[in-house]
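Chains as they are written, first to last, in my numbering: chain A, 1 to 203; chain B, 1 to 738.
Within a straight-line C-alpha distance of at most 25 Å, the following computed PhoX-like cross-link-like pairs (lysine-lysine) qualify:
| # | chain 1 | residue 1 | chain 2 | residue 2 |
| --- | --- | --- | --- | --- |
| 1 | B | LYS528 | B | LYS108 |
| 2 | B | LYS139 | B | LYS116 |
| 3 | B | LYS108 | A | LYS176 |
| 4 | A | LYS176 | B | LYS121 |
| 5 | B | LYS697 | A | LYS176 |
| 6 | A | LYS200 | A | LYS176 |
| 7 | B | LYS373 | B | LYS82 |
| 8 | A | LYS178 | B | LYS108 |
| 9 | B | LYS697 | A | LYS178 |
| 10 | A | LYS178 | B | LYS705 |
| 11 | B | LYS654 | B | LYS736 |
| 12 | B | LYS676 | B | LYS654 |
| 13 | B | LYS558 | B | LYS381 |
| 14 | B | LYS535 | B | LYS139 |
| 15 | B | LYS697 | B | LYS121 |
| 16 | B | LYS378 | B | LYS558 |
| 17 | B | LYS49 | B | LYS68 |
| 18 | B | LYS121 | A | LYS178 |
| 19 | B | LYS232 | B | LYS253 |
| 20 | B | LYS76 | B | LYS49 |
| 21 | B | LYS253 | B | LYS228 |
Derived by calculation from the structure, the hints in this document are not laboratory data.
Listed below are the residues making up each chain.
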Amino acid sequence: MLQANSAIHTSPGTDTQQETAKLADVYTLLAQLMRYPEDTANVALLVQAQLELVLALDWHEEAEMLQYWHAQCQDLPSDLRIEYTRLFITAATCRSTVPPYASVHADSEALLQGRTTERIHDFYRSCGYELASVAEPADHIWLQLDFLAALVREGRHAEEEQFLASLFRPWFVTFKEKCFQATAHPVYRVTLILIDFFTKEEQ
Amino acid sequence: MAMNLTRRNFLKTASIAAASVPLSRVAARAESGVVKTPQVAPGSFKNTKTVVGGVCEMCFWRCQLVGKVRDGRLLKLEGNPKSIDNGVSLCARGNGGVAMLYDPDRLKYPLKNVGKRGEPKWERISWDEALDICGKKLKEIVDKHGAKSLAIFPHGSTARYPMDFFERTVGTPNVSEPSFFQCRGVRDMAYITTLEIAPDEEVDMANTKVIFLVGSHLGENIHVSHMKKYLKGLERGAKLVVLDPRFSAAASKAHVWVPIRPGTDTAMLLAIMNYLIENEKYAVDFVEEHGEGFEEFAEGIKEWTLERAAAECDVPVAQIKQVADLLAENMPNVAIHPGRHVTWYGNDFQRERALACLTGLLGAVGVQGGLVKPKGPKGIKRINWPKAETAGEGDLRRMQDVHHFHPPGCPTELIREAAISGDPYPIKGCVIWGQNMIQTIPGQDRTIKMLEQMDFVLCTDIMPTDITMYADILLPDCSYLEKYDFIKTGTQWDFSDEHQQYIAPRMALVEPGFERKDSVWIVNEIAKRMGYGDKIPVASQEEMMAQSLDGLGLTLDKIREEGGIHIQPGEDPYGNNDDLLVHFFSEEMDDYDYPAIPTYIPVESPPAGFMRLLYGRTPLHTFNRSINNPWLIHEAPINPVWVNDKVAVRLGLKHGDTVRLVNQDGVESRTTTTVKVTPGIREDAVYLYHGYGTRNKEMTFSVDKGVDDTSLITKITIDPESGAHGMRNNFVKLVKVG
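The following block holds chain B by itself, in its conformation from the complex (with noise of 0.2 Å):
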């Protein structure tokens, strides 16, 4: 380059005469991205407008959201003031929206892996190729293998529309979301197993006497309402009860915390119940209208004295007597909290049944501070694909006569088995939506290994995750602040005040920002391009929100009217229990040699030198879907591993060292993290916040901070009953590094 050129020089010379033909052409070519207008004055654009509709989906619990808005620009989120439900209140994950919204990692265009899976090159692509693509590969395997040979992962809002075109019109049985196999299906099978209810957290807890947590760790593990109901009920006087083997957020409110041995849960379960039982300390009158097979559980947990549970569960005998007689003395208005992420240990549908006897036993159903359902608003339509005749053939469950008492859909592991072993059948397509299954499935070899057999694997979502690395085709989904896509209903937060109950649609705060399409259109234009155009039941997803919201004679224009939410009156929730059955004794489960009352399956201990891996959330996370936040990952870069502090002492660690992670199988933490030497946590444990530890470097901001404790679960246990997996069996040692 000449050095002493200057651009005022050069445009003097006669040398640019030569390039003067070729500019021309590309400049007459050119469509120019600025067009003239009037000219406008400063400050013309500075209105701010509160824009109202917001859905959150930072976590599941969908708070009701209003945006500041400003050119188009969305500079805040706050809760809708009109919400009974989170009100104006939101969590920090909730306020890091905006970040969400304008990171600039976030998936843009459609991309076309032009490399090799795991190691991508990407090829930006139009969308008609993208769809061209994705219709012409997976119709290809389809009619090669049948719809069976289609696996799909899901997960939130932007996924059900998805889901059920792959699994009602093309009619594939391989469908599995974590959100059930990897989190609350077994609480929700296990309950319904015992009383008849998915519970949800609907735990009365703003009205009740005692809490009683199971490794819950609210505070750390926020969602407003439900942060509000748990906070007002302390506030009024509220017992709480925490078993965790961590001196966690909740433990350190709590009235009586037990540090228990962790996967004994089920042990102290079964001793409290037989000792309330042995001294009728239950509800004797509900049992006996309410209970099922009462007689063989309680002759069937009569094995569980409270010296036994003690030596299992390393708590002493007076703490579970102090426990036991807290919530017999509170009866019926004890919140049995059935936790969310439940799937630990491989045995957690037998805890889960635990908490729901335990429950029917003290009578804590249908009453104020007990298990209550809220009556929400009914009559919102669900739209669905047109299931065709041959739906479900194939179904990898039926076929091998396993896991009876499973969530929706078809457990992961034997999806994942039967892709890699190509038995009984191939699985050649691969549709992961929404969800980042390197982080959310244990096994990351057999899940890679599981996707490098595809034929096709295409990945849609709104951030390059670790999955995306695995994509023949990545596509870029609208985020929930740019889309229509659910309704999220309920009711007033606190039963004890006047009963209302609330619809609201979740509606666009902005416009889509990029090539970004919501996942409507995009199932819709696949399924056109797999030969299911005539099966489309909805042509856009306002269509969709229309159809839902019109059996109530609502719709959008007047919904954002009313401030971005229906409010209507609403039901007292309390009663009703005429119907209640409490199945101490499961017949059902008794005919599948399940064990019918809730049995103690012991956990392997540790071995010699290693630490229980036990893992949870931040509030500041919800595990990888915000990890990458700018905002987020600010306040909390890194999750530091907790270590006993005596336990530090014995293996030379100090706060703040810095330490990868090897677990039983020799399988090392591919990144580092620091120590957090504390007495709030057992020796035979060590504790992570989950979702850290980002391999994708396209996720800049957290690419490669903390460590990714899903990497160190590779033992894979099986919830027999559920087929659900448990994750909280692999063991580590920590190497101090440097």
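One chain only, chain A, in its complex shape (with noise of 0.2 Å):
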């Protein structure tokens, strides 16, 4: 674990429009990187914008993991769809399959489609969104983080905490255990810390 970060320099005085597009981009990265990479010239892009946000947070340690993923890593578009696959999609037949929707985790039928994600859908539409054209359920985790990059971009904050607090924390906090018991991939892996670091109550 690294220690706390001394070099980080907090700037003087509140620019919160700025710091709102940085955050709605970053959660749009976080989404991206939860999508399955299927667009191989994108994969570069946000592997290396989550190397660089990783960097400015000072995380050594992640960084380090990354860096070395990207190093050894002779096709990365390959790799990381592979691990989605196993990870999200379909497991090989050493470790299970974690599911990214909040159905299967909060509910206690652990289907999809539950009543979970029917409270989700129905939070997007009351704060005026619905999906694009998608054959996902709206309680795909990617989805959940570009509805909130989407609030916070209008600067909907209140919304974004009343939902991170009300539907999203609740099974992430789970869902990212289960990934950690079931994959060493850095990208993911670090994906998640940077998820929880990003939606999780300010202390």
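Two chains, each in its own frame: build the complex with the hints.
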């Protein structure tokens, strides 16, 4: 574990608009990292942005993990696709999948399209958002992160906080723990740490 | 990670500036998963609708359904109130369809195996890539070795269209359906040979005087309208006779339970018939009018005295006589049930012939309470792929001149053997559609060996069943709740009611989730890539349904308006035996050198210290098809092994002990189960519910739960007439664990 970073410099004054834009971009990055890495051209951009974000946070250990993986991996898109498939879609024989849907972790029945899916979808709509044409249920983690990005971009922090507290964090904590048990892949481990960092309640 | 850093602090820092540019680039390229729409007040999407047109496929019975759907999400399934078949009733499995639809383990996207067969490493790929690979690989195999080098193992309504394509248009003869070769095919062929009727399960139990079941465990084996017939018959006073080594649910309701020695049913049937003939207690006039070869038959079974059968079957003489007299007293209104899954001992054609002969001997065909084929609606057009001139070339069964009374397709064992040996030709491509061959076909090692030598294996399914671990490409099928692919027809279940017919086309209750596609779309795309684009018979599943219904003057919209089921006047199913022949002696069988009268062929007895492994159904599962269903597995999480109480004492086993099973070849069950100690099973047998012991870890609700009985069926027995597998000729002992 790295030490608290004394090198981080807090800017004098508060530029809320800038912070909001940055946070929205961070949410978008995290959403993109939690999508299936289909677009080969996009993969390099995503992993580079992830690394830059980790370096900006001064998270040395995580940065080293990512840099090591970048250096070792011969085919980043393929490596990510296989790991994404194994971790979130259907695993190989040795470890189990962790479905990235809130209802599977939040509802007692652990099914897709459960009560939590409906509540999340309703929340989107109550905020004036609807799913774009995607084949995924509304509670896929990348859709929730995209929704958060959209809220933040509009400066709707109260709704962001409400969504995080009532619908996102309760299942994400469990999801993250399960993923940590199921994967050693730096990109997904670091992504989950980042999501945790950017969504947890300020202390 | 910095411990005391917060998001707010970080966003205020100058450090983030370094990440700003790449973050902005990502944001600029990203396509959001959510879009701005007019704000919707909570509650606007709360109108639950009833969607009609569902046809269940949790089992093959296909009850008619309606779905309660809210905001595109299926909340509940119910029997369609318009149904004259299952009515508003659904079984546990039917209700469990919701949990199947939303099972997180279901296949969602096309997958490519970048690992090895049996130990897959999956990569999600696009449909285009998946279909390109399938088309290219299958075409290469056909071009190199001919159409016969493809083996197709289809199952269920989803697989009919692909089966027709590969069998008729590509032209491979190597098509084998487990629903025939590991289930009912033997029955159908034996009845066709004897009565010229494929019986299905069409006995008029609701209006009968005696229900005669050989191994059928109705009540554990549940199909709604079938159960309605059975229970109505009992309610109306029918007597129930059950031959079963186990005190099954049916045995518990029986007037006569015959705990027969496994494998000896044919001996008892022959003794019953011999007794009826010797005492002129059979339907003499009926036999005279419709019987063929009766004298040879009567002479041939003379040796089967009650005493001889009693010794062979381990049943008292008086009980066999009691059963025979009961049937005679109530003929012709007796329901001799033909069974369903009848591939037990590798001598099953003869047993089914005996059942058909007994039906004929009692005149129980086309009469109230007997074997009665319902008169369902006619005029539904079957949409077919065009048949190639070369279709069927290289038929293994014909080449070997065996199994002359085989069900449609090729006996599974012939395909498997040819694939493993390469003799008489290589079989290098395999298409498996909607079935888990690991748990439907005995001899798992041989199935795996067959798959390992393939150049290409394609699996299409809704679940990651064990067989899918051996696929190169794995495609996600729509489930029965997400597609249009079958037209269920029939009549009212009780023939004493007003005669009616129904037509119930399957309609999607919800949109397909994720990237699942229906089999018409998938096969058409593969066909185009294999060079058969000009042979495609229909462009879509909806078009196939429209064309099928066209001759009846019906459309999907019209039937939807009618509540999902079209009802029309029916016809009296009784009578009309004018053309009926009962082949007590089959000249056709004689020509091929099979026993021409029903013949008892003894099966091997359990070796010392072993018990015969029997298996069957639980009402909560349709074998492997429903085993991962979260609701159903919750209710029946394992398959305890039934052990006779006296045997348990001898073995030092108590109820609830954990055991492993070991078979006569030393094969151990991979997993364990618990012991159910009961007087309700013979000492020489144990019993398991079938379909448990899933090995694929992606079936997360069912993996490693219970014991896979098929893994213990290593001794392969083949029914000579049909080529079907016999699956109850293996023996096990129990080893206490812990």
